[in-house]
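**Student:** These are the residues of each chain, in order.
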Amino acid sequence: MSTTEKAGGATAQYLDERLGSNKWLGKNLKKVFPDHWSFMLGEIILYSFIVVLITGVFLTLFYKPSLVEVIYEGSYVPLKGVEMTEAYASTLQISFDIRGGLLIRQMHHWAALIFVAAIAVHAFRVFFTGAFRKPRELNWVIGVGLIVLALGAGFTGYSLPDDLLSGTGLQIARGIVQAIPIVGTWAAFLLFDGEFPGVDFMSRIYMAHILLIPGLILALVTVHLMLVWYQKHTQFPGQGRTNENVVGYPLMPIYMAKAGGFFFIVFGIIALLSGLVNINPVWIFGPYTPDQVTAGTQPDWYIGWLDGALRVMPNWETVAFGYTISWNILIPAVIVPGIIFTAMALYPFLEAWATGDKREHHLLERPRNAPVRTGIGVMAIVFYSLLWLGGGNDLVATTFDLSINAITWFLRIGLIVLPPLAFIITKRICLGLQRKDREKLLHGYESGRILRLPHGEFIEVHEPLPKAQQAVLASMIESHNTPLPAPAKTDANGVRNKRYRIDKLRSRLSNFYYRDAVAPPTMAEIEAGQAHVAHEAELEAPLHEYEESNYVTVPFHGGVLHEQGEPMTNAEALEADKGSERGTD
Amino acid sequence: MSDLTTRGSDNSGDKPLPEKPHGILARPEYEGPGALTVADVEHRPRRSDLDPKAARRVERQITLMFLLSMVMVVLFVIAYVSLNSTQTVYIPVLGLIGAQNVALGVTFGAAIFFIGAGAIQWAKKLMPDVEVVQDRHRLASTPDQDAAAAAQYERGKEESGFAAYRILRRTLIGALALFPIPLVVLVRDMWTNTDPALEGLSPAEILSETAWTDGLPIVVDGTYQPIRPEDIPVGGLVSALPENIREIQKEFHNLNERGKSAIILVRMDPGEIRSQQGDGWDYQGILAFSKICTHVGCPIALYEHRTHHLLCPCHQSTFDLADSGNVIFGPAARRMPQLPIGVNEEGFLVARSDFQEPVGPSFWERG
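Chains as they are written, first to last, in the working numbering: chain Z, 1 to 585; chain B, 1 to 367.
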């Protein structure tokens with residue numbers, strides 16, 4: 001035992017006598033985590049968040065959240081002598097006068113963008129594989145909360161440099177707050193300390209950005225991960241994997257090395273990206289004044305959909321009894337996002353209620369085996385993408401030389417028509433894939449080899465599925481459900497069913513989910529089918545042997561079958577023809 | 001499922017594993033508590049398991065990565081002390097970038113990246129890749145545990161008397177319901193109306209007023225010089241402000257007034273003006289409109305002089321300035337407020353009153 005290990009052992013002993021930690025280590029160092037590339041998405045979120053925290057601490061050493069006007073005297077020549085706020089001046093100082101300051105600022109921004117992007121993809125992974133199902137519904141809700149917080153963190157951060165873009169973003173945010181009925185005007189005055197742009201609000205946003213929001217994120221992330229640990233990670237269906245076990249690699253050493261190494265990979269890529277690709281060059285935009293704006297302004301990507309919603313909304317406004325309700329702002333910026341995030345948070349409960357599913361699920365579902373859920377997910381993606389496109393409608397118009405009015409009208413109609421269409425198409429594709437899986441389970445897979453039987457019949461050879469693949473495909477059995485029956489209005493004794501309406505709705509929803517389900521084969525049918533295919537393959541075996549004895553595989557012909565003794569080249573063939581004596585087949 | 005010591009029994013279809021795998025860290029065959037249960041999954045040995053040369057090659061690769069990481073740290077420090085922020089470097093596709101930023105980013109990034117790449121290569125090629133299996137534990141409590149929890153709750157309820165002391169229970173609930181009120185009340189002073197000029201005004205009233213008054217000269221944004229009608233050509237657009245804007249900014253140390261009273265002046269052939277918000281609010285075809293969009297408040301200056309359309313760059317609300325500034329497209333619901341203008345004795349453009357309706361985004365009390 002080396003001296004380091006001795007010291008480590010002594011420390012473990014010391015801690016154990018105070019915390020009982022060895023019990024925990026003995027159990028958890030061998031804790032098994034399943035392996036799949038998509039499980040890295042959550043890791044990317046965590047690691048980019050850590051990078052954001054580290055770089056953020058560095059930035060707070062120099063940044064000043066103050067809107068006091070100063071004259072810029074730093075080393076960025078084009079803005080020398082220009083009047084600007086201390087917030088903007090200190091951002092320029094970080095970018096030009098602190099060595100490595102620009103790198104850290106760009107790392108902070110890139111890491112934040114990757115953080116939000118990874119959250120989005122991770123959420124989709126969890127959604128499409130049904131990982132949110134019992135017992136993980138609560139962790140899904142925490143995740144939805146984290147998405148909202150991440151958007152808040154991003155937006156407040158975007159606002160801090162006080163360049164022209166960030167100020168415009170804040171002005172829009174204020175316009176949205178002001179549109180809230182009854183309390184909006186007061187809320188805007190309280191939040192922004194009076195009129196826009198005011199003086200005090202930068203320190204408030206700064207507090208939200210560096211303390212309030214990251215504190216909440218940190219707390220929720222901790223709970224999120226503790227739940228993942230405690231409930232154990234879900235796994236994809238496959239050989240040897242059941243709802244009652246976890247198949248994978250132990251924490252020590254494989255996961256420590258892989259996950260720990262992956263942290264350095266994410267960190268390293270963010271640093272490389274920030275060294276090579278400029279992001280948010282605030283010095284180009286200039287300081288903020290409330291009466292200037294540049295054309296083609298773009299928010300960070302994750303706010304684009306909200307901006308797009310604002311852009312495509314028709315200009316409805318109601319004035320009643322002397323009060324104004326700005327539907328043109330409320331619907332896209334408050335009501336629609338409110339519905340989206342609420343529906344997202346409630347989805348696991350809605351699905352479980354509609355389908356009557358109360359089982360625990362630790363095996364993930366393949367998206368094709370849940371056609372309605374997958375359809376809903378794709379529908380959401382289409383809806384989001386259209387809004388996002390709307391957020392860049394000016395860029396689309398100038399790039400492709402289109403009318404901005406035409407794009408807006410396309411989006412207004414498309415937002416209503418295209419998502420349901422996407423739902424139907426996706427659901428059909430899923431059902432088709434399920435039928436194909438069913439076919440493979442019952443009849444093996446097509447080998448693409450055509451055989452001529454001795455009596456002249458041509459058949460295509462089917463081969464049994466490899467065990468690993470069969471286990472994956474057979475997971476469709478687990479996913480199969482039948483719709484809940486329609487409730488009766490009265491029971492056998494003629495007593496009115498009080499829950500009739502609710503039960504009917506539930507039965508309808510259940511039908512919506514499962515009505516079109518493809519009936520999967522039973523395990524016995526699969527076994528029989530595969531055995532049949534294997535048996536056929538066995539029958540063919542002598543035939544193969546006979547054929548193969550007559551052929552050699554010529555490697556440099558890419559494996560083309562070649563009869564033994566046959567000429568290899570045209571020249572040889574000519575030569576052989578001259579000899580005229582060819583062997584009979 | 002079988003113990004590690006008997007692994008290989010599930011690999012009947014595969015090449016048999018060699019008696020002792022070669023990797024530098026061939027998995028020791030643990031007995032007792034260190035043992036793991038090998039999963040019932042097909043497993044193929046890796047090249048580094050079978051071929052000692054391949055394993056040594058991997059070892060050399062990883063060593064190289066860790067060495068490179070150390071070298072990069074040295075290069076980082078050299079770049080930090082030797083480059084300054086004004087030097088730039090051209091990188092194809094990416095364009096002109098600060099040399100210091102590139103050098104620091106690449107060395108720092110590579111130093112970190114190689115640690116990760118080495119660790120993962122180590123895990124993937126040299127550590128055992130035989131999948132193991134563990135059982136999941138039951139999450140829900142047993143009926144006995146449920147009953148114990150319920151019994152403890154009952155005991156606690158009895159002992160506290162929470163059910164029996166009705167008056168205590170109700171007053172406690174009342175007190176708990178009221179105690180957050182101070183926290184809400186405290187929010188009120190996040191804004192107080194301290195400006196003498198705005199004394200006694202509510203937020204809605206403040207939003208409805210700007211600095212413009214009758215006779216206040218209009219100055220050009222940037223130069224702050226008053227402007228004569230003949231300085232604006234037909235088809236031209238000028239961003240303008242009230243003459244006293246800088247004094248107001250100095251007095252209140254903020255840009256609030258600029259965000260409300262900014263205007264644009266456009267000049268068109270008087271015959272092309274189809275309607276205005278008030279009779280004769282133009283001056284010889286010069287019209288003054290608020291610069292702040294009525295949608296969510298972006299400043300607007302994209303003006304197409306042939307059609308007289310004003311387009312907001314943020315959300316593309318479009319206003320027809322020849323027709324009272326009415327909305328012709330986009331999400332804005334309100335027309336652009338017009339400012340009545342004229343000239344003073346010296347021939348400079350002046351406002352003839354404040355805006356007749358609030359400028360900027362809508363709000364509840366606007367009506």
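It is possible that some hints are incorrect.
Stated by the list, open to error - Under the rule of at most 27 Å between Cα atoms (straight-line distance), these lysine-lysine pairs were calculated in the DSSO-like manner:
#1 B/K124 / Z/K467
#2 B/K53 / Z/K232
#3 B/K250 / Z/K30
#4 B/K124 / Z/K27
Since the hints were derived computationally from the structure, they do not count as laboratory data.
**Student:** Indicate, hint by hint, whether the structure satisfies it.
**Tutor:** Comparing the hints with the structure gives:
1. Restraint check: the Cα-Cα separation between B/K124 and Z/K467 comes to about 24 Å, which is no more than 27 Å; the hinted pair holds.
2. Distance restraint check for B/K53 and Z/K232: the Cα-Cα separation of roughly 38 Å exceeds the 27 Å cut-off, and the hinted pair is therefore not satisfied.
3. The suggested pairing of B/K250 with Z/K30 is violated, with an alpha-carbon distance near 67 Å, which exceeds 27 Å.
4. Between the alpha carbons of B/K124 and Z/K27 the distance comes to roughly 24 Å, so the proposed pair stays at or under 27 Å and holds.
In this structure, the earlier hints numbered 2 and 3 are contradicted, and the remaining ones agree with it.
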